[in-house]
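Student: Each chain, written out:
There are 2 protein chains.
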Amino acid sequence: MEALKRKIREEGTILSPSVIKVDAFLNHCIEPSFMQEIGEVFADKFNNEPVTKIITLESSGIAPATMTGLILGVPVIFLRKQKSLTMQNNLLTATVYSYTKQTENTISIAEKYLSEKDHVLIIDDLLANGEALQGMVDIVQKSDASLAGCGVVIEKAFQAGGKSLRQRNIRVEALASIASLENDTITFTEQEATH
Amino acid sequence: MEALKRKIREEGTILSPSVIKVDAFLNHCIEPSFMQEIGEVFADKFNNEPVTKIITLESSGIAPATMTGLILGVPVIFLRKQKSLTMQNNLLTATVYSYTKQTENTISIAEKYLSEKDHVLIIDDLLANGEALQGMVDIVQKSDASLAGCGVVIEKAFQAGGKSLRQRNIRVEALASIASLENDTITFTEQEATH
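Chains W and C are the protein sequences, given in the same order.
For the first sequence, the UniProt record's numbering gives the first residue as 1, with consecutive numbering after it.
For the second sequence, the UniProt record's numbering gives the first residue as 1, with consecutive numbering after it.
Keep in mind that the hints are not guaranteed to be accurate.
The list cannot tell twin chains apart, which means a pair is met if one copy fits it or any two copies do.
[Stated by the list, open to error] Pairs of lysine-lysine residues, derived as DSBU-like cross-links and limited to a Cα-Cα distance of at most 30 angstroms, are as follows:
(1) Lys101 / Lys117
(2) Lys21 / Lys83
(3) Lys7 / Lys83
(4) Lys142 / Lys112
(5) Lys21 / Lys117
(6) Lys142 / Lys21
(7) Lys112 / Lys5
(8) Lys83 / Lys101
(9) Lys117 / Lys7
(10) Lys7 / Lys21
(11) Lys101 / Lys21
(12) Lys142 / Lys101
(13) Lys21 / Lys112
(14) Lys5 / Lys83
(15) Lys7 / Lys112
(16) Lys142 / Lys5
Worth flagging that the hints you see were computed from the coordinates, not collected in a lab.
Please put together the full structure from these sequences, using the hints given.
Tutor: Take a look at the structure:
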């Protein structure tokens, strides 16, 4: 997605050879019309799949997931990282380690929202080590729903998450795939990552 | 907003005389087209204000804020409840106690996103004791931006938050205002809360 690559180049900040800050358009400040474009591209990539539900993980996945759901006409469920007073029982859970926050979280979804009739698209903002996506895949598998695949806004292809998911035969679509952040330079992979 | 009141009646679950669970359409599972309707109503209510930015607090405010921002054509900044590795410095912060999670959080925004040129609309999912909104109002005031007001999807009018904000002459618009949850019955206020 060229408009996304341009934003990454113009507004992303390389903090280290493995970390790029994209708060300006993805993780903190968002431009809703750009999120709508992102939703259109995800919807287009997965339009050959009979998706019935989208799941994402709070918080940065919610805007792109909601826009994708608007176009596909399906509900979006955002998984929680912390238990709330109103969500205590009848949950499907998985354990996820966050490298950026250096914490381990139990992510959860009310089990009633996923059944064997569902075909689930997972949307998230960033794919690096893949912990969040793996956790969401685990939850889909525990629910007996089928998995359409994973759509991520940005993949850091030099980290192991995407490879590990694809080796499990899980379809992963990244709208921008970063090959390297070495030498304070953003290098995109030649071709956007597909199945 | 009649469609919202219908959803609250049909899909809300009263857990106690002070707590209603609205995970089915607001806090966990969302229907993007309904969020779009919510965005349209907020945009309509605040269309007399020259809003330049919307702020909200992760996570349940993100979807309605994004849809409102799409219609108003303004950026949305979602405030963080936890510090991330990529957001450590140059922050405006406030302390917020969450009754539903029984935790105290320091909410934060990168200070560069708000200036004295901004006219800010605050959007959130629920207004009860008003801690989250008060925290966001504090942050807007620290930033020297002006405040258009607060839009909340559901106000629990029997709790103190809305009254306290309005006493400070802050405009608070609720799309549905619940007068009482006593006797396992949802009673809405006669008129939707306005300024």
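Student: All the hints need checking, so say for each whether the structure fits it.
Tutor: Going through the hints against the structure:
1. Lys101 / Lys117: Answer is neither; intra-copy 35 angstroms and inter-copy 32 angstroms both fail.
2. Lys21 / Lys83: both (28 angstroms within a copy, 14 angstroms between copies)
3. Lys7 / Lys83: Intra 34 angstroms, inter 24 angstroms, cutoff 30 angstroms: inter-copy only.
4. Lys142 / Lys112: within (12 angstroms within a copy, 43 angstroms between copies)
5. Lys21 / Lys117: between (38 angstroms within a copy, 25 angstroms between copies)
6. Lys142 / Lys21: This pair counts as between: shortest inter-copy Cα distance 25 angstroms, intra-copy 33 angstroms.
7. Lys112 / Lys5: Between. Shortest inter-copy distance 23 angstroms satisfies the 30 angstroms Cα cut-off; intra-copy 38 angstroms does not.
8. Lys83 / Lys101: both (17 angstroms within a copy, 7 angstroms between copies)
9. Lys117 / Lys7: between (38 angstroms within a copy, 24 angstroms between copies)
10. Lys7 / Lys21: The answer is within: 12 angstroms in one copy meets 30 angstroms, while 38 angstroms across copies does not.
11. Lys101 / Lys21: both (13 angstroms within a copy, 29 angstroms between copies)
12. Lys142 / Lys101: both (26 angstroms within a copy, 26 angstroms between copies)
13. Lys21 / Lys112: So Lys21 and Lys112 pass the 30 angstroms test across copies only (15 angstroms; inside, 36 angstroms).
14. Lys5 / Lys83: Cα proximity of Lys5 and Lys83: across copies only (26 angstroms, versus 36 angstroms in one copy).
15. Lys7 / Lys112: between (38 angstroms within a copy, 18 angstroms between copies)
16. Lys142 / Lys5: Answer is neither: 35 angstroms inside a copy and 34 angstroms across each miss the 30 angstroms cutoff.
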